[in-house]
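There are 2 protein chains.
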Amino acid sequence: MSKVAVLGYGVVGSGTVELFYKNKEKIVKKMGRELDIKYILDIRDFPDSPYKEKFTKSIDSIVDDPEVTIVAEVMGGVGDAYNYTKKCLEKGKSVVTSNKELVAKKGAELLKIASEHGCNFLFEASTGGAIPIIRPLHQCLAGNDITAIAGILNGTTNFILTKMINEQMSFSDALTMAQKLGYAEKDPTADIEGHDACRKICILSSLAFGKHVYPEWVHCEGITKLTLEDSCYAENWGGAIKLIGSVKRTEDGKILPMVRPAFVCGGNQLSHISDVFNGIMVYGDAVDEVMFYGRGAGKLPTASAIVADIVDAAKMNGTSISQTWEDSDDNSFIADYKEDVVPMYVRVKGSDKGKISAAFGDVEYLTRDGQPDDELAFIVTAMPEKDFDSKLPAIGGEVLGNIRVLELD
Amino acid sequence: MSKVAVLGYGVVGSGTVELFYKNKEKIVKKMGRELDIKYILDIRDFPDSPYKEKFTKSIDSIVDDPEVTIVAEVMGGVGDAYNYTKKCLEKGKSVVTSNKELVAKKGAELLKIASEHGCNFLFEASTGGAIPIIRPLHQCLAGNDITAIAGILNGTTNFILTKMINEQMSFSDALTMAQKLGYAEKDPTADIEGHDACRKICILSSLAFGKHVYPEWVHCEGITKLTLEDSCYAENWGGAIKLIGSVKRTEDGKILPMVRPAFVCGGNQLSHISDVFNGIMVYGDAVDEVMFYGRGAGKLPTASAIVADIVDAAKMNGTSISQTWEDSDDNSFIADYKEDVVPMYVRVKGSDKGKISAAFGDVEYLTRDGQPDDELAFIVTAMPEKDFDSKLPAIGGEVLGNIRVLELD
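These protein sequences, in sequence, are chains Z and D.
Numbering (this note's numbering) for the first sequence: 3 to 411.
Numbering (this note's numbering) for the second sequence: 3 to 411.
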C-alpha cells in the first residue's frame, strides 16, 4: 500500500483528488496494488469537503509520516513548493509536480536529490498538461538521437492566435475574450510575453539534451506585437502564425532554445492546432517526426498527468528511474540566435520591390484582402538572422513587422 | 550488463541493430548500465555484415544462454515467432516485438506467460510504428477512464487516400503508385482490406479495455470501394475520408471495435494527417482528447520503438510490469455495429430530394465540381445503422456509395 499526500488544494490539487477517487477502482486494478491519498495540505479550511478528514496545515506531519511514500506538489511557485519538495525527497519520498517554474528553475538540483535518496522526481504535468510528453521523450524515444523539438506550449496564446485567424479579432479583443473565458489571467504577462512557454521549453531542452537550461538563457518573444494583418498574410501563404517554443542542436554542437511567434507552413501539423490545445513535435534520427497533441492546461487534464505520475511513482517504489540531467554552470552550450539561419517574413509600408530585391534578392511576395497600395509583405530566403538585420534598413519605408518562419528539419 | 538477441534480420531486424549501434553510447548513458546485442538469429548467411560474428541459426543457443535476458522478435507471423517467443518467456527472458499479428492473436496468452515468469512482453512497435502509443496509453493515461480510441493506423491506405484527395488520382492509380514506392506489398490485401488496421485496433482495444479482442470479432471494411467522387464530396464538406480503426465503450457497457473508411470533419486532427503518417486519438474522462502522430511504419521508425522497448526491458530487469489484459472466451462484450448510432454519407444516382426527405427527413446536401444532374450526395443525421439500412431502399435510384461519418465524443 502506497500513501499519497497532495500539497495544495487549488485547481490542480482538487482536480487530482477528484480524479483519483473517481477512477480509483480502475487505477488500483491496473496497478495491481493498493494506493490511497492520506493527506491534503492547505492553509485554508474545507469543512464541507468529502475529504475533510485528510486536510492538514502541517507539512511536518507529512514529511515525518513514513507511510507517505508519494507527494504531489501542486502549489506552484518556487518558495514553499521548493522547500517542501526538497524536504520530501530528502526523506526518500517521491515527488510528482505540475509546477513548471519549479522544474525549470530547480530541476537539476531536485533530480539529483531524488537520485541520491532512491526516490523519484516526476513532472509529466509540468509541460503539455494532459499530453504525455515527458515520459515518451525520455522513455519511448530512448533509441533516438533527438535533433529538435518544437511546440505550441501555451494554450492561452494559441487561443488568442486562433481567434485572430478564424474570427478576424484584434489581439487585444482576443485577449479580453480569453480573460472572460478564464483562459488568461488578469495579468496575462506570463502567457502573452512567452514566459510560460519559455519554462516549458527549458524543461524539454534539459530532458532531451541532458543539461539544465535556465529560463534566463533563452531568447523569448511573446505575441503582443502581432497584428491581424500579419495573421492574414500567414493564412494566404497557406499556414498560420503560432507561438513556438523550440530547441534544436546546432552544427557546432550547441543547442538553440527559443520562444517566438513564427510562420508555420500548412504541411506542419502544428499549423492545424487551434484554440487552447497544445502540440509538441519531436524530431529524432530514427522516428523522423512524432507529435503529441492535447489539452495543455485545465483542472482535469493536468490532474490526469499528476495521477499518472503518482501511479508510476507507486510502481517504481524504491527504484530511482534515471530521468535526469546535469546542472550547468554557464550558458556556453547555448547558441546565439542571431547566428541562426532562418527565413523571415517582413511587412513594410512605403518601400518598393526594387529596394527589396536589391537588399534580399528574390523574395516570395504575399498578399491579403484589403492590402493598401503602399504595403508589401514578403518572405526572405533563409540567412543568418544577423545578416537579415544588417540588410533590412536598405529596404527603406516603415517596417511594420517581421516574423521568423519555422524551419527545423 | 543485459545481453540482447534479435530474432530475424529483415527490414526491422537490421534497422534495430543499425539504430542500436548508431546511438549505443547515448542509450547506455541514459540507462546508466551496459547493454549489448549478443545474437542475431536468421536462417540466411550475412558474411559481409559488420555483425557477422553475432549471427546464429539456432534458437536453442539463445534460449539456453542465461546471459540473454532480452529478445527482440522481429520475424513476423505466428509460426516460429510464436513458438520462439513462448520459449523465451518461459525461460524468464523478456520479449519485445513489432509483430502485430502475434500480439493481436496471442497477446493475452503471451502476457500471462510473461507475468508468470517474472519477465515482460512489450510491443510498442506493433502499433503506430515510431509513435509512442502503447506505453502512453497504459502508463501516461493511467488516471483516465478511456472512453474511445480512433486512429489512422495504416500508412499505405492513408497514402492512397491522400493521393486521391490532393492529386485527384483514382484508387487504382494511387495503389499502383504506392506499390512502386514500396509502401504497398505486391499483394496489398492486408492493407487495403483493413486487416492490418484491424490487428492494431485489436491491440489498442485489448489494452484500453482489459479484455483480449480477437480480429475475427471486429467488423472490418477496407478502402477498395471508395471513389474519387466520394473524396471530392468529403473535401467540399470540409473534411477528408480516412480509413479509421476505432473502439468505443457503448452505453450497455460493451465495446465496439471497428475498421472502416469514414468521413472525418476538418475540426478533427485526424483529417489533417496525410501521406504515410499515422495518428491515434485517445479520448478519456480527464484528458478529453490527446493525439499521437508519426510514421507508422518503416525500418528506422519501427526500430526506434523496438530499441525503446529493449531499453525498458533492461531497466525493468526482473520486474514484471503490469501491462496486461484478460483472455476472452467469447465475444459477448463486443457490441453489434448495426446498433451503433452514426451519421451516414450517401451518394445516389437517379433519386430525388422528395424521396430522400421522405426517407430520412432533413439531410445535409453536399456538392462537387462536375456533379452530374442525376447525382445527389448528402449526410443523414445520426441513427442506428440498422434503421438507416431499412430506410435506404425508399430513396430509389442507384446508391453509388455510403460511408459512415466519424463521431466519437
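Check before you lean on any hint, since a few could be wrong.
[As the list claims (entries may be wrong)] Here are the computed distance ranges between Cβ atoms for each label pair:
#1 255(D) - 267(Z): 43 to 49 angstroms
#2 255(D) - 85(Z): 16 to 22 angstroms
#3 340(D) - 120(Z): 54 to 60 angstroms
#4 35(D) - 35(Z): 38 to 44 angstroms
What the hints contain is simulated information worked out from the structure, not anything from laboratory work.
Just so it is clear, CB atoms sit at the ideal spot from N, CA and C, and this is done for glycine as well.
Each hint, compared with the structure:
| no. | hint | verdict |
| --- | --- | --- |
| 1 | 255(D) - 267(Z): 43 to 49 angstroms | 45 angstroms, holds |
| 2 | 255(D) - 85(Z): 16 to 22 angstroms | 47 angstroms, violated |
| 3 | 340(D) - 120(Z): 54 to 60 angstroms | 56 angstroms, holds |
| 4 | 35(D) - 35(Z): 38 to 44 angstroms | 26 angstroms, violated |
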